[in-house]
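Student: Spelled out, the chains give:
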Amino acid sequence: MLKPSTLAMILAGSRVDELNVLTYYRPKSAVPFGGVGRVIDFSLSNLLNSGIEQVALLSQYHSYSLINHIGTGAAWDMIGRYRHVSILPPHLGSEVADWYRGPADAIYKNLDYVHYHCPEEILILSGDHIYKMDYQDLIDYHNEKDADLTIAFTRVPMDEATRFGVALMDDEDGARGGRVVKYWEKPQSPESDWASMTVLCFKPEVLYRALEQNQESDSYHFGRDIIPMLVAQQNCKVYGYKFCGYWGYTRTINEYWQSNMDLLGPKPLIDLEKWVFRTNLEHRHIRDNEPSLMGEDAVVHNSMIYNGCKIGGTVRNSVLFPGVHVKKGAIVENSVIFFSNIIGENCRLNKVVTDVNNSFARNVMIGPEYCTDRTPVTVVGWNNKVPEGVIIGEGATVYPQIPKERWPAILGAGEELR
Amino acid sequence: MKRAKEALVLILAGGVGSRLNILVQKRAKPAVPFGGIYRIIDFSLSNVMNSGLKKVGVLTQYKPLSLMNHLGMGDAWDFTGRSRGVTILPPRTGEKESDWYQGTADAVRRNIDFLEANPAGEVVILSGDHIYHMEFDGMIEYHRSKKADVTVGMMVVPKSEIHQFGAGIVDKNDRIIEWEEKPKEPRTNLASMGIYVFDYQYLLNTLIRDRAEIDFGMHILSRAIAEDNVFAYPFYGYWRDVGTIQAYWEANMDVLKKESGISPQKWQIRTNIESKKRLADRAPARFGAACQLKNCMISAGSNIQGSVINSVLAPGVVVEEGAIVKDSILFEDCVVKKGAVVDLAILDKRVHVGEKAIVGFGENYKVVNQLKPSHLYTGITLIGKGAAVPPEQKIGRNCVINTNIIEAAYPGRAIGDGESLFADGEVT
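From first to last, the protein sequence lines are chains P and V.
Under my numbering, read the first sequence as residues 1 to 418, first letter to last.
Under my numbering, read the second sequence as residues 1 to 428, first letter to last.
Simulated from the structure, these hints should not be mistaken for laboratory data.
This structure is a prediction, so every number in the text was calculated from the model and none was measured.
Treat the hints loosely; a few may be bogus.
Think about it this way: if two alpha-carbon atoms lie no more than 27 Å apart in a straight line, the pair counts; the simulated DSS-like pairs of lysine-lysine are [as the list claims (entries may be wrong)]:
1) K274(P) / K338(V)
2) K274(P) / K145(P)
3) K310(P) / K349(V)
Start from the sequences and build out the full structure, keeping to the hints where you can.
Tutor: Set out below in structure tokens:
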């Protein structure tokens, strides 16, 4: 096989503050998702399914969990002569010795790595989103148009457009895409509802030049700095590629919860099997879990449960990762339970996201008895042992590893326990 | 000091296991799926891995393809590395004689070059078709402390069952002084588990001695007991030979019972999860809004809309609305359509049960299978790999529907108790 021409670079280092305690010890891309995998698996599976197998991952915030997850890259077939995932952490150089100051700076600091691969296209992705996309289709469009930069856009509700980079495209190719006429990063009064998905395909020289120019500024973001700069250049051809599938951006805990709920139902918006989703089953020894055991009194409705769970109680509208035990009389509803949680007898969890390795002693109550669309999500950070009978109100936040003596009997709605 | 890790392991995985009927039509007994995601040989391999042993030879003979696929490079059981490895030892053409393995000892004898190429202190010889958890390092230590030539893993079984086993009578030091292979009259309740630790040199000498000694239990052991030092290593815990449909079904059901003592997860049993036919990983199992579960095991990739009771489901099984699966074992990617019933049955991979069909119909559990009365006699019905059951079809008790049977092959709406259906539409 000839050497592949595309190099993909995944921006996986960001910590999104809104995801709060879930990103306390891991970058957002390493946050568990889908009852078995991590958020970044979607980008990696998309790359695999698009036939792009030269991949670099830029990471600096708490990289350990991510590095562990990527392993050798074999889970996504990215191991072989021209197939690899390289993790590029910040490094010391003879001249530069710095942390990444932003995503664009991160790529700039690794330009020697990029040059080494002599790519014909450079695909820059965020590792933080949940979607299924054939990048090859975007690259084909990019090449057809002989574009300098092609950006994937998707439609979002107009009132949310302020949160994204949005573009005005001309009608050059109708539903497929068009030339980007204007671009605004997080505009206060948006004039378009086409939001950037942070999937960028660059002509290499254009990227090199743009990064070089960007070094003179004091902000190093693609959306805020690089894209507006290139759109403004008269001779630069920036195209928009229109994407119409599901896009889960999960910037807030409520959005994260909603994306998880999109896995459920008879016709789920996110269908892992159809999306040809892959994760690293070696990570956390997922593969060693026996099938889930459902007890005499187990009730499981409209839920997703991976191997390694033991269900003695009731689970409704929830997603359970491997190793979760729901004991007798416990009721788990509308919740996302990460790896290895133990939910004690007669506990009741409603609209909760609980991070890995938490245990809930008997009779713990979290969230309201009935929840509505507007009920805020309660989040419990990892490695907590919630004492017997504790009551936690809706929308509360529990930080990781709260010492035993700090637990109150009641944590009110919306309160934080640090 | 020698360490247990330096022992060499041989796993005998060549047996036909014909009493498992159509489950072994296309695969060797050790490769038969078990407990949802495992295969029978995973238990022996994982025990070897968990005992820290590093070098394994697997002797295959009968339909080894699925077994060899499953073993792969051995990395699932950590057998990769410069001083680690799993080697598949199939029968080879010899100089003169007919070259199939004639028995357990004969199989090892024909691989004496493998033994010579891997010098070790001891050779652990195991069977690849038992469900159990055992630490061989303990057994090897015991073997050394007794200065034994051979140590035999033995467990207490009810006297009524001893006729299926090699039985040993021991003195007060656990030295075996008498041996009976499958005795009709029980004189002891100590049964051989088919697990042996041999002194390396002793094994070589024994194998060279007499080519007529083709079986460990029948020939090698009885002579060793008479002439040399053979000790019994007592084993307490769960151990099953799942060589019959009944035993196989019961052991699967044991996985559902906490008190049975079998727990693949606690035992740290590993399997090879790679399957070349699948691109995506299995998603978590999906449970519908009206599904009912009771005492069952469900694997990833399944989709449960109906009822599952006392059953073990492998990955990718679909149970549609209103369908009922009870007291059954379903292998990968079986589909039970709307309103169908599967009761006391074993369904091999990719069986398709049509709408409102009934597999396991009626109450005539005692009408034995006419072709193989010794295989199916308690009511269990077997459906072969890839077979289809037409909508509204009734299949009775103790039936066998052969591999890949298509809907058109069925002669009528009902297959009677004890009958077997073949691809040409013949019912026996």
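Student: CA of K310(P) to CA of K349(V), is that 27 Å or under?
Tutor: With Cα atoms ~25 Å apart, K310(P) and K349(V) stay inside 27 Å; holds.
Student: For the pair supplied as a hint, K274(P) and K338(V), is the alpha-carbon distance within the 27 Å limit?
Tutor: OK: K274(P) and K338(V) at ~22 Å, within 27 Å.
Student: Are the Cα atoms of K274(P) and K145(P) separated by 27 Å or less?
Tutor: Since the Cα atoms of K274(P) and K145(P) sit roughly 30 Å apart, the hinted pair is violated (cutoff 27 Å).
Comparing the model with each numbered hint stated earlier shows that hint 2 is the single one that does not hold.
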